[in-house]
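Asker: Read off the chains here:
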Amino acid sequence: MKKFTTTMTAGLLGATMLSGAAIAATVQAGDTLAADQTFTYRVLDEHSSVDPQIVEDVTGSELVRDLFEGLMNQDADGNLIPGVATGFTTNDAKDVYTFTLRPEAKWSNGEPVTAGDFVYAWRRLVDPATASPYSWFGELMSIEGVGAILAGEAAIDTLGVTAIDDYTLEVRLSASLSYFPLMTTHASTFPSPQAVIEEFGDDWTKPENIVSNGAYVLTEHVPSEMSVRERNPMYWNNDETIIEKVVALVINDENTALTRYLAGELDRTEVPAGQYPRLNEQYPDQALSFPRLCNYYYTFNLSPSGPEAFQDVRVRQALSYAVDRSIITDKVLQGGQFEAYTFTPGATAGFEVPDVPYAGMTQGERDAAAVELLAAAGYGADNPLSFDVLYNTSDAHEKIAIAVSQMWKQKLGVTASLANMEWKTFLETRGNQDFGLARGAWCGDYNEASTFLDLLTSASGYNDGKYSNAEVDALMQEAKSLSDATANYTRVEQILADEMPVIPVYHYAGVYMMNEKLRNWPVNNVEQNWYSRDLYIAE
Amino acid sequence: MLKYTLSRVLVAIPTLLILIIISFLLMHAAPGGPFSSERPLPPQVLANIEAKYGLNDPLYVQLWEYLSGIIFHFDFGPSFQRKDQTVNEIIAQGFPITFTYGGLSFIVATLVGGTLGVVAAIRQNTIIDYFAVGVSIGAQVLPNFVMAPLLVWLFTLTLNWLPGGGWNGGAWPNLVMPVIALSTSYMASIARITRSSMLEVLNSNFVRTARAKGLPERTVILRHALKPSLVPLISYLGVAFVGMITGSVVIDIYFSTGGMGVAFVNSALNRDYSVMMGITILVGALTILFALMADLLYAWVDPKIRY
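Which chain is which? The protein sequence lines are Z and D, in order. Going by my numbering, the first sequence opens with residue 1, and the numbers climb by one from there. Going by my numbering, the second sequence opens with residue 1, and the numbers climb by one from there.
Hint data in this document are derived by calculation from the structure and do not stem from the laboratory. Beta carbons: idealized from backbone N, C-alpha and C, even for Gly. Errors might be hidden in some of the hints.
[Unchecked claim] Simulated restraints, written as ranges between beta carbons of each label pair: (1) Met293(D) <-> Gln406(Z): 51 to 57 angstroms; (2) Ile127(D) <-> Gln406(Z): 52 to 58 angstroms; (3) Thr38(Z) <-> Ser196(D): 37 to 43 angstroms; (4) Ile402(Z) <-> Lys304(D): 57 to 63 angstroms; (5) Pro43(D) <-> Glu471(Z): 25 to 31 angstroms; (6) Ile18(D) <-> Ala129(Z): 33 to 39 angstroms; (7) Thr486(Z) <-> Tyr60(D): 54 to 60 angstroms.
[Claimed, not checked] No farther apart than 25 angstroms at their CA atoms in a straight line, the calculated lysine-lysine pairs in the DSS-like style are these: (8) Lys94(Z) <-> Lys480(Z); (9) Lys409(Z) <-> Lys399(Z); (10) Lys206(Z) <-> Lys52(D); (11) Lys424(Z) <-> Lys52(D); (12) Lys304(D) <-> Lys227(D); (13) Lys480(Z) <-> Lys245(Z).
Next comes chain Z alone, as it looks inside the complex (with noise of 0.2 angstroms):
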């Protein structure tokens, strides 16, 4: 697998204090600029919303990083600079910071972006009246008073989020996190506009009432069609911003997108499952492939109305080990992905991918060691192994499963039943443990690799495996305080991989065609967290 050299972000080194300038749109030398700097792009759906605290979709959310701005951003290469903050500073038990904001951030109608800004916003996206669907995520940044708040215990101005004056905030943790200040890239973290909500109420994201503080202002929506977002005079560096007007066009299907995109309607469109390598060859300079924070995996059902079987490592460890990878990357998805051994994607920031033993045979030391676990485990041809294998409806689903299924059939003689179903029933079957084999995946909700691991744990939401180890849960619990843990994140990956909790299959690359015109898409910004203001169309 590709190593992949990783920055620690700046806010992982500590006590320091961050500064320095802001990313904007920088042209490459050479470059000259196009006259229409429009920037035209896919969406899938329908966004959820624009309202940061409401917004719980991706589509949304980008839309939101350009309207928007929050204390900090991500560079190109996901490392965090500063936003509407300059900087912040913490003290050693990492458990207070203080951010500084600058004082010529602006609302789209001239008012002064302040500290109390984010006080409200954040108050907001915790008050049981807003019942942000990402409420929650104020709990993960563990603010001090969340808990009792969500749960209408409290008052929401006992949050731990103070404005010392109007140009510094102070956040106050219930537990010392070293990588809080990365979570004040995230949407729902961005500030909101207290007199225009009070003013109109739900309305207040149409684009008629609208006052947004980042780069750009949504000036049209056309529910289900398409959003236009065009500069905002207003915005602290408009100067240096170069795209003129953004339109997010609404399109479900991606066959259809691309065929718009080849007509020349489109500066970006995803590619659709195994349609890279004819492409690739088409048009080499509009074809891009680059690792996304995303991982793919079957999980194993531990839970007491699991398989029999699955109670058995060896069962687990031979089922994991006979699945080619290579055959689903190179030959099912062709779109770039990277074959995975381990839970995290190698892509993470901070983590290095560790040496588990099977990722280093090759494909037929892994085969043979299957069919001897498998036999070890009492299973064979008077005995054989069956379960179901379940998974939503798609496409390129449907492929992985039967992939897989062949293998196992192939290699060990094992029958796997596919049962498909549609999304929401799915994830009911899944989460009420009704299944043998589900398939999952996930992406990092920030980049460090906890936002997997911590899946993995007894206590997480998602763990539909019931996969339960005491020491997975000691290691990710104290990996929260300790500034780097990458030992621990080494070690659980370890005992996943002795374990086999689940079987990691790829991780996932992110597949575009792309105007070649279009100039500083941040290809290595993993979670693809892209601000328009960065962009331009070269000549």
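Given chain Z, put chain D in place with the hints provided.
Answerer: Below, chain D without anything else, positioned relative to chain Z:
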């Protein structure tokens, strides 16, 4: 006639009510809910959201709240998925789009299909008949999900004449392909129905009488044969019209029109209860309305039918 119409309208009210109740119960019986997601919400967060939308009340309370909202305020509630919009807004945005391309498709399908059917019947077993029947069978066997990408390949990628999708306020270049794709299979059905019913009428006694009187063929067809041959067509057109103006998922997806068809399917997949109910009610009401109109039209085309 007036009494009949009024009684039908009165019957429509309990019909709609039953439709609402059954859809409501079925929808809540489906696994998962609007806020179940890959990333399960912590119980407290979920409880806060459900409290906001009243989803923690008993079902009959929810149903009553929903019905009273519609009856007293004409408010179909907020969308659970698209949080910046209400159901009224979603329908107000999607229905005009669907109505435009659906209505146009209806006109095209009826005019072309009707003409093909009549011509084929008059010139039965001639080359014209074979051609008309061939065209309509061809249109029938080419479903719109095959037609749509073919049209895009031809008009957008090859000829570069039309945009590959989008609505653009209903500008005609954006309308051409959706209308062709949606109208063809309806056109084929209309042509076949018209042809067979026209043939039946042309062989009936009163047409023979009309010809025997020495009326010109044109008058025989237009004055005597056409109207009675419309009876089977009308019952088909009523249903087809509602189907066309309430949206086609295929058209919405292939041409990104932003119409109601895709909103309906997505609302079901996302368990966006309020949007799903709103569209169900709209489709139900339109179906009842056009079934009634079809019945009234019968009386106009066929003097034997009296209410």
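Asker: Hints first: check each against the structure and report whether it holds.
Answerer: Against the structure, the hints come out as follows:
no.	hint	in the structure
1	Met293(D) <-> Gln406(Z): 51 to 57 angstroms	holds (56 angstroms)
2	Ile127(D) <-> Gln406(Z): 52 to 58 angstroms	holds (54 angstroms)
3	Thr38(Z) <-> Ser196(D): 37 to 43 angstroms	violated (54 angstroms)
4	Ile402(Z) <-> Lys304(D): 57 to 63 angstroms	holds (60 angstroms)
5	Pro43(D) <-> Glu471(Z): 25 to 31 angstroms	holds (27 angstroms)
6	Ile18(D) <-> Ala129(Z): 33 to 39 angstroms	holds (36 angstroms)
7	Thr486(Z) <-> Tyr60(D): 54 to 60 angstroms	holds (56 angstroms)
8	Lys94(Z) <-> Lys480(Z)	holds (11 angstroms)
9	Lys409(Z) <-> Lys399(Z)	holds (15 angstroms)
10	Lys206(Z) <-> Lys52(D)	holds (21 angstroms)
11	Lys424(Z) <-> Lys52(D)	holds (21 angstroms)
12	Lys304(D) <-> Lys227(D)	holds (12 angstroms)
13	Lys480(Z) <-> Lys245(Z)	violated (41 angstroms)
Checked against the numbered hints above, the structure violates hints 3, 13; every other hint is satisfied.
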